[in-house]
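Chain Z is already provided as a structure; the job is to place chain D on it using the hints.
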Amino acid sequence: MEKGEWRISPYREKYHKQLDETKLFTIDLATMVGNAIEQSIKSLVESNPDLAKEVISGDQKVDELNQKIERRCMELLALQQPMAKDLRMIIGILKIGIDLERIGDLAVDAARVTIQLKDKPQVTKLEFIPKMAGIAIKMLQQAMEALANDDADLARQTTKWDYEIDGLYVKARDKLLKIIIEKPELINGAVTLLMVNRHMERVGDHICNICEAIVYMVEAKREHLN
Amino acid sequence: MSFKIEAKDLNLWYGQKHALRKISIGILENKITALIGPSGCGKSTFIRCLNRMNDLISTVRIEGEVLYDGSNIYGSDVDVVEIRKKIGMVFQKPNPFPMSIYDNIAYGPKIHGAKNIDKIVERSLKDAALWEEVRDRLDMPAMGLSGGQQQRLCIARTLAMTPDVILFDEPCSALDPISTGKIESLMESLKKKYTQIIVTHNMQQAARISDYTAYFLLGELIEVGETKRLFEMPKEKSTEDYITGRFG
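Keeping their order, the protein sequence lines are chains Z and D.
For the first sequence, the numbering used here assigns the number 1105 to the initial residue and increments by one for each residue that follows.
For the second sequence, the numbering used here assigns the number 149 to the initial residue and increments by one for each residue that follows.
Just chain Z, same shape as in the assembly (with noise of 0.2 Å):
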């Protein structure tokens, strides 16, 4: 048998469309948790508690499509049998998909805030957060075109927006804590404002996590960028 004349067998051609597909799952899972983020921090500055309610409710189309790329995987494992880059995908995509998970739900944290502080004082007019979370989205977009394109590099230097990231979340912090000293009568406010500051500040961390998975799926190199 020369080179060239092995065939694929139509089991697993269709094997790897299916793993190409997860992926393209996995990058819409990406998209629908940036658009929460987005939308939630929108919802606090305007103080818009009709959009933020759209973020809550849209969390359930985030929680279905994780679970649609987990039971691929699953049944990928186990029908399959992956080897090699293969496994390390799927294995990434699993991991990765915990992290888009998470960071759905800090969106939504962050949604009932908005509703939390509906009528109530304004706080501050809000300058870091959403630039944390205008950041976070740009990281995420930038990991999803490394996941897309296998690009380890692009991965890595995606990681390097969270210094900016952990920057923003102290100034907005030592700002809420000046406010909480100055104003007590705003501690309630300012209190659950610190707690979404926390929550961008972990968005940016999940985001390395998630470049993190990429590098092992690329160069199968376990690196810590966070």
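These aren't lab readings, by the way, just hints derived from the structure by calculation.
We put the CB at the ideal spot given by N, CA and C, even for glycine.
One should not assume that every hint holds.
[As the list claims (entries may be wrong)] Taking CB as the label site, the calculated pair distances span: (1) Z:1328 - D:329: 37 to 43 Å; (2) D:384 - Z:1168: 38 to 44 Å; (3) Z:1125 - D:284: 55 to 61 Å; (4) D:324 - Z:1257: 46 to 52 Å; (5) Z:1164 - D:395: 40 to 46 Å.
[To be verified] Pairs of lysine-lysine residues, derived as BS3-like cross-links and limited to a Cα-Cα distance of at most 27 Å, are as follows: (6) Z:1127 - D:383; (7) D:341 - Z:1325; (8) D:274 - Z:1325; (9) D:341 - Z:1118; (10) D:383 - Z:1199; (11) Z:1242 - Z:1287; (12) Z:1275 - Z:1229; (13) D:376 - Z:1127; (14) D:376 - Z:1325; (15) D:330 - D:233; (16) Z:1157 - Z:1224; (17) D:341 - Z:1199; (18) Z:1222 - Z:1287; (19) Z:1121 - D:179; (20) Z:1127 - D:385; (21) D:385 - Z:1199; (22) Z:1121 - D:376; (23) Z:1146 - Z:1325; (24) D:233 - D:385; (25) D:385 - Z:1121.
[As the list claims (entries may be wrong)] From chain D, some residues computed to sit far from chain Z (all C-beta separations above 12 Å): (26) 241; (27) 271; (28) 284; (29) 380; (30) 395.
Below, chain D without anything else, positioned relative to chain Z:
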């Protein structure tokens, strides 16, 4: 770590066909090494070189060396029978002799003038994890055993010759999963005493049982390394394409 067997620049031709190309590989003692690759890649041809089974094919020409404990088994003064005693082989299809279970095991040792044949039979069957199943019917025809039992009998027959190395050429391809599991756990227990090399088409089996894996393609050794590394992050694209089923 010492190599029990080492091939150095091994070439083999079937007539004009160059079937093995400059194979160099070291097989570690008391480890299981799996040989994988598509049909016709040379893995069975290679394993048969390791106890000179290819000598039986008239058109075969071999160049290079196979060192067993440091000595070339293709040297001019080598006793081939002695080599095959030390490097036993188990084949794809169980092939018991048409005689009793006892005589299947006793056949080799008797020919070589061994004493205490009863003890050899018992020890070999115990080592092959078959003793408990056949101890009360040793005089029954071996052909009456199940496929899995027959294969373990063949392993016991090999063990009776007190080999150092056991070569397995797809030993489980004709067996059901339960019998396959028994052979695999037997191989694990044999690691303490023997160096084992297995040709298998079943990549999950290679991944499960072997310490090292070698990937062959078109008569060449493409990659060899620790099994867990090779199946998680193969170095060669060709290896990755094969183990992920993207060959074509």
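How the hints compare with the structure:
no., hint, verdict
1, Z:1328 - D:329: 37 to 43 Å, "holds (39 Å)"
2, D:384 - Z:1168: 38 to 44 Å, "holds (40 Å)"
3, Z:1125 - D:284: 55 to 61 Å, "holds (57 Å)"
4, D:324 - Z:1257: 46 to 52 Å, "holds (48 Å)"
5, Z:1164 - D:395: 40 to 46 Å, "holds (42 Å)"
6, Z:1127 - D:383, "holds (23 Å)"
7, D:341 - Z:1325, "violated (36 Å)"
8, D:274 - Z:1325, "violated (44 Å)"
9, D:341 - Z:1118, "violated (44 Å)"
10, D:383 - Z:1199, "holds (24 Å)"
11, Z:1242 - Z:1287, "violated (34 Å)"
12, Z:1275 - Z:1229, "holds (14 Å)"
13, D:376 - Z:1127, "holds (25 Å)"
14, D:376 - Z:1325, "holds (14 Å)"
15, D:330 - D:233, "holds (24 Å)"
16, Z:1157 - Z:1224, "holds (18 Å)"
17, D:341 - Z:1199, "violated (42 Å)"
18, Z:1222 - Z:1287, "holds (19 Å)"
19, Z:1121 - D:179, "violated (37 Å)"
20, Z:1127 - D:385, "holds (21 Å)"
21, D:385 - Z:1199, "holds (25 Å)"
22, Z:1121 - D:376, "holds (26 Å)"
23, Z:1146 - Z:1325, "violated (37 Å)"
24, D:233 - D:385, "violated (39 Å)"
25, D:385 - Z:1121, "holds (20 Å)"
26, 241, "holds (22 Å)"
27, 271, "holds (37 Å)"
28, 284, "holds (40 Å)"
29, 380, "violated (6 Å)"
30, 395, "violated (5 Å)"
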